[in-house]
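There are 4 protein chains.
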Amino acid sequence: MSANQKIREIANIQGLGHIEFCVRDLERARDFYVDLIGLHETERDADRVYLRCTESREHHAFVLRKADAAGVGHISFKVSSPDDLERMQKRFEALQLPTRWVEGEELGQGRALRVRDPLGFTIEYYAEMEPVEWLVQKYDQHRGVAPTRIDHVNMLTPDAQYGYQWYTDELGFGCAELTESDPPDHRIWASWLFRKATVHDAAVMTGKGPSVHHVGFSLPDPISIIKACDIIASAGYTDSLERGPARHGISNALFLYVRDPDGNRFELYTGDYLTGDTSIEPIRWNLNNPIRQTLWGSPPPRRWFEESMAMATLDGNGVEPVSEPQMQAIPDYVLD
Amino acid sequence: MSANQKIREIANIQGLGHIEFCVRDLERARDFYVDLIGLHETERDADRVYLRCTESREHHAFVLRKADAAGVGHISFKVSSPDDLERMQKRFEALQLPTRWVEGEELGQGRALRVRDPLGFTIEYYAEMEPVEWLVQKYDQHRGVAPTRIDHVNMLTPDAQYGYQWYTDELGFGCAELTESDPPDHRIWASWLFRKATVHDAAVMTGKGPSVHHVGFSLPDPISIIKACDIIASAGYTDSLERGPARHGISNALFLYVRDPDGNRFELYTGDYLTGDTSIEPIRWNLNNPIRQTLWGSPPPRRWFEESMAMATLDGNGVEPVSEPQMQAIPDYVLD
Amino acid sequence: MSANQKIREIANIQGLGHIEFCVRDLERARDFYVDLIGLHETERDADRVYLRCTESREHHAFVLRKADAAGVGHISFKVSSPDDLERMQKRFEALQLPTRWVEGEELGQGRALRVRDPLGFTIEYYAEMEPVEWLVQKYDQHRGVAPTRIDHVNMLTPDAQYGYQWYTDELGFGCAELTESDPPDHRIWASWLFRKATVHDAAVMTGKGPSVHHVGFSLPDPISIIKACDIIASAGYTDSLERGPARHGISNALFLYVRDPDGNRFELYTGDYLTGDTSIEPIRWNLNNPIRQTLWGSPPPRRWFEESMAMATLDGNGVEPVSEPQMQAIPDYVLD
Amino acid sequence: MSANQKIREIANIQGLGHIEFCVRDLERARDFYVDLIGLHETERDADRVYLRCTESREHHAFVLRKADAAGVGHISFKVSSPDDLERMQKRFEALQLPTRWVEGEELGQGRALRVRDPLGFTIEYYAEMEPVEWLVQKYDQHRGVAPTRIDHVNMLTPDAQYGYQWYTDELGFGCAELTESDPPDHRIWASWLFRKATVHDAAVMTGKGPSVHHVGFSLPDPISIIKACDIIASAGYTDSLERGPARHGISNALFLYVRDPDGNRFELYTGDYLTGDTSIEPIRWNLNNPIRQTLWGSPPPRRWFEESMAMATLDGNGVEPVSEPQMQAIPDYVLD
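Residue numbers (the working numbering), protein chains in the order written: chain A, 1 to 336; chain B, 337 to 672; chain C, 673 to 1008; chain D, 1009 to 1344.
Hints in this document: simulated from the structure, not taken from any laboratory.
Treat the hints with care, since some could be wrong.
[Said to hold, decoys possible] If you want the ones that stay clear, here's a sample from chain A, every Cβ over 12 Å from chain B, calculated:
(1) D35
(2) W134
(3) D140
(4) D169
(5) P245
(6) S298
(7) T313
[Unchecked claim] Straight-line alpha carbon distances no greater than 30 Å define the calculated DSS-like cross-link-like pairs of lysine-lysine that follow:
(8) C:K678 to C:K810
(9) C:K678 to B:K342
(10) A:K138 to C:K762
(11) D:K1216 to A:K6
(12) D:K1216 to D:K1014
(13) B:K474 to D:K1146
(14) D:K1098 to D:K1014
(15) A:K138 to A:K6
(16) B:K544 to B:K342
(17) A:K6 to A:K208
(18) A:K6 to A:K90
(19) C:K762 to C:K678
Backbone N, C-alpha and C fix where the C-beta goes; we use that ideal spot for every residue, glycine too.
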């Protein structure tokens, strides 16, 4: 290899592996995600609770870290081998992107590479993680809405056209769907990008960034979206039900956006489709097509457009609230 | 009997039987209700299409009538026997309420009694109707979301306290739930009243009346509510999806409010509970408790409060739009 | 009243109230019904655990009683008032049926009347029970498959034609469906009898009796039947899954028959229809129509026909296994 | 390339593309698959009806061909490019496997390569097919149980260990799960092999072959399995419901096996999991573990083991019934 080779040529990214949310009250957050949502606790240390989903094969798919402010610690993608990591480190150096090796800092995980990517996000790549008991067929242990996997992360960046290029051309992501401006520009306003064969591992949307709009968890069936509303509301978290249930035009997923007790946003998500056939062209949506947001026409609330999560710096610190509004091009049909 | 005996002493109302909607384009309405919603056409004549649900045992549960304006023609309750009708006619006369006998005007139905009730609604009572094929186990013929039955009618009247008394004390309805004002008044703002053993056959809410807020159809399961959104939106009727899906606090039903092509409103409804145990006290909700509207906290749109359907006169004519707003006490949390 | 008046003229039976199962290991049974099935424990004493369902308004809908053998302690129907009980006691005396008053023996329940009915079953009637918190909208507390209510009891008796007459003519039950022999006899082989407005509170089938074939719990939706299979199997109770999931022809219910750790049988049941309209004739099935058993054609296992639960005597003792086979007319298509 | 290079090095198989079923009555088969199951007709010619699923992006995923006997015409996998096909043809020649080019014979499809593979199956590879309207968001056009895609084919061959090697080592399939004999042999009895990121595109089981046990269609959610039973039974095809609904241990899928009017077998299938992470080891099941067949313990009927579909020869002819029994190692717990 040479440092001129793009990452898509020197490494095999498997997909989104996990994400770390910063929370001020670790127990409160743990109870919310475990007792109500139905993530499973694998292990914990002084500052972190490591959680996984029913289909998880390895130690964690989601980490709660005690911090002074809410936000996102890092976003972690899995690659095929430790050798991939070595080659990626050299490529990032060549691109003059700051990296650091993480070893022993996260329980259950092998040596990992963190980088501040060109969009300003703190991204981690890892190849090895401890296997754990597979919970798919332990139905008697399922609780809440039993998310099957971490599905995707949705990121805001001022230049989403560039974000698309970074993910597709450099990292080798496929594109399932995209939103673009009117002709003749056809400028990419947002894209849904995948390595695993679903609609996305990462979405990149236009907005003030680097910030994370939400992380998405996959649910096993449509009825679980209704169940999520019922459980979260019954437990007194009515205000946490930010948007939905409804169906996205883009991705076709039935969704519910939820704010956790710290205000971090996640999406419960089900009903997208299988991707991976490289002969399929991306589905293209015009920015002004309201169906792309919701097939059913129901308008999102304003805060869904205006609020987003801060991104921690490469050293894991510096999670500060991003000034509002976050997302550009708030449509006319928003709910005030 | 004497004319002093109340109807609850001289007749046995079985529950809501059917309702007649006035539509300007009969074919368009028929296609909407049959092809998308999944009602079944039993028969038609020049001006009317007679529809039923999968659990219907008799000729019709819903009638579409060609008219110059949208609205509700009549609301029809079933009683146990033709003798009930005779006794009721005398009682209404004694109460100086105008009645008329209907015979042969509606296909499939025996002699029926129509009355302009004290709230100003045109109510029909009938005892006999032609039996039809039961479609519950004809799953291969089910279409759309396959409503199981007509469940209830929701009516607006300026004095809902009186409406409650009329339905309970005179007609013998049970009360499953009610909304009342603050103490010490505890004035009834709305009540959910039943003869069949569900939460309601009729709801009476405070508003400008006589007008009909909506009719409710029962769906077989929660997933059908999501399916309804998908089907109606896919068919190009996105604007018809007025409110939902969400879960009511009152009744616990999962719901979707839909406007038909003429603007008439119906509710797709599932997941309420069995009533009928006479030892159970009504569930009481304070008017200002937002949970009574939606357990999940999602606010209704303003038009859900402001718009309602006109009621035809006793002769079946005179369906005129009611001036807005219809409902009193629009909450602060309405969506504009 | 006179002792010549039938119970249907002197009392108002509301429906099945609860049933008592005898179990050898109280903790094991409690864990099975609470942790896996999702009944809720209201209270316990030395020998009994009192359980209820999500829609229960009163203290218990199901009782586990420690005993030396599995079986059914008593079957309990609710009536409208204590006065009903007094009148019923006199009527039973006139019919020379043994009765006893139960007071304080069951926690939460007012004075109750137990009778050995003409079919030999120990039946209890009660009018009053302590109200409890309604759990319908406490979705965060739902576990397992969250039964909504106790729905029905299914009883075996050698003369089911007489059983039908006792329940309809004496007790005033309606009949939703029945199975009968070929013409010209049309002898009733089984009947589905209701007081609440569902297909049945009690079914009476031909077999060696008095014995109880099963008790049915209502589930909130069809998907919960699948969930029940998954949970029960995951917990290691694969052998408890006796029959189903499938759909009955009779009642149209989607069902799963389960044997508890003591071998007692219950049915998880959903998707029947509303009854109560007195103008509707019972649906009649020929005994040899295989569709009445399962709409989908799947044959039941032999033990479903051959095994049944013993009935305790009026004093609550004497639960002894009934000699097999229990049910007459085992069809040819049974699974060996 | 050289003819020594394995196909996994010279071609990119995307996954199962479509399968061709031979039927004696084309209209009857078309009505069954379109009206009841919910496949969509794209086009037809004199001898064939071309069908697709809701997620299909191209002309067909399933073909019905008029023939003198039931069976399977060919099994077709998609590759990335026409160049792949050229390279594969040379490789098959080098392996002395008979091939033929198919051009114009199947509507909508580009030039395709058919081969008689070492297991004796007639396999087609194609790279190009006409795009069609995507039906995912045309919910108003969905009928029946609306299969989302053709998911997999299940094949019988006498030496399933060799079949595993052919698919993994030569063709580059991943292995999600496998069934093996007792130690120390650990001989592979069956394997679930994938190119797309699901549990399988192809399963290879031990039995008399080449024959096809079934083709699997993916359904959008668990409730659709119940709906399939209801629809198929209501339409009078009770005998077509061969096995299920139940959940497989292997794959975790909820399933229903159905025989079409010609006796061809397909599986309706939902609820498996995402694969594709190359670091995950296959899940290994012992041949005698009954849970691998059904998590719920319900035994399959004998005909499920004994009957299978004949495979047409390379020229498309010669579909003859395979003599029974087809599958080796019929377990003790089969239903007679």
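Comparing the hints with the structure gives:
No beta-carbon of chain B comes within 12 Å of the beta-carbon of D35 of chain A; the shortest separation is about 19 Å. Listed as outside the interface, W134 of chain A is consistent with that label: its C-beta sits roughly 27 Å from the nearest C-beta of chain B, beyond the 12 Å cut-off. Listed as outside the interface, D140 of chain A is consistent with that label: its C-beta sits roughly 23 Å from the nearest C-beta of chain B, beyond the 12 Å cut-off. Listed as a non-interface residue, D169 of chain A keeps its Cβ farther than 12 Å from every Cβ of chain B; the least gap is roughly 35 Å.
With a closest Cβ-Cβ approach of about 6 Å to chain B, P245 of chain A is found to fall inside the 12 Å limit, against its non-interface label. Distance check on S298 of chain A: its Cβ comes as close as 7 Å (rounded) to a Cβ of chain B, failing to clear the 12 Å threshold; non-interface status is violated. No Cβ of chain B approaches the Cβ of T313 of chain A within 12 Å, the least distance being about 35 Å, so the stated non-interface status holds. At roughly 42 Å between alpha-carbon atoms, K678 of chain C and K810 of chain C are farther apart than 30 Å, so this suggested pair is violated.
At most 30 Å may separate the alpha-carbon atoms for a hinted pair to count; K678 of chain C and K342 of chain B meet this at roughly 27 Å. The hinted pair formed by K138 of chain A and K762 of chain C fails the criterion: a straight-line CA distance of about 55 Å is larger than 30 Å. A threshold of 30 Å between alpha carbons decides the hint, and for K1216 of chain D with K6 of chain A the separation of about 49 Å lies outside it, so the pair is violated. Between the alpha carbons of K1216 of chain D and K1014 of chain D the distance comes to roughly 27 Å, so the proposed pair stays at or under 30 Å and holds.
Our distance criterion of 30 Å between C-alpha atoms is met by K474 of chain B and K1146 of chain D, whose separation comes to about 24 Å. Among the hinted pairs, K1098 of chain D with K1014 of chain D is consistent with the structure: their alpha-carbon atoms are about 11 Å apart, no more than 30 Å. Of the pairs offered as hints, the one joining K138 of chain A and K6 of chain A is violated, with about 42 Å between alpha carbons and a cut-off of 30 Å exceeded. For the hint linking K544 of chain B to K342 of chain B, the alpha-carbon distance of about 27 Å falls within 30 Å, and the restraint holds.
For the given pair, K6 of chain A sits about 27 Å from K208 of chain A by alpha-carbon distance, which is consistent with the 30 Å threshold. Of the supplied pair hints, the one linking K6 of chain A and K90 of chain A holds, its CA atoms being roughly 11 Å apart against a limit of 30 Å. About 11 Å separates the Cα atoms of K762 of chain C and K678 of chain C, which keeps this hinted pair within 30 Å; it holds.
Checked against the numbered hints listed earlier, the structure breaks hints 5, 6, 8, 10, 11, 15; every other hint is satisfied.
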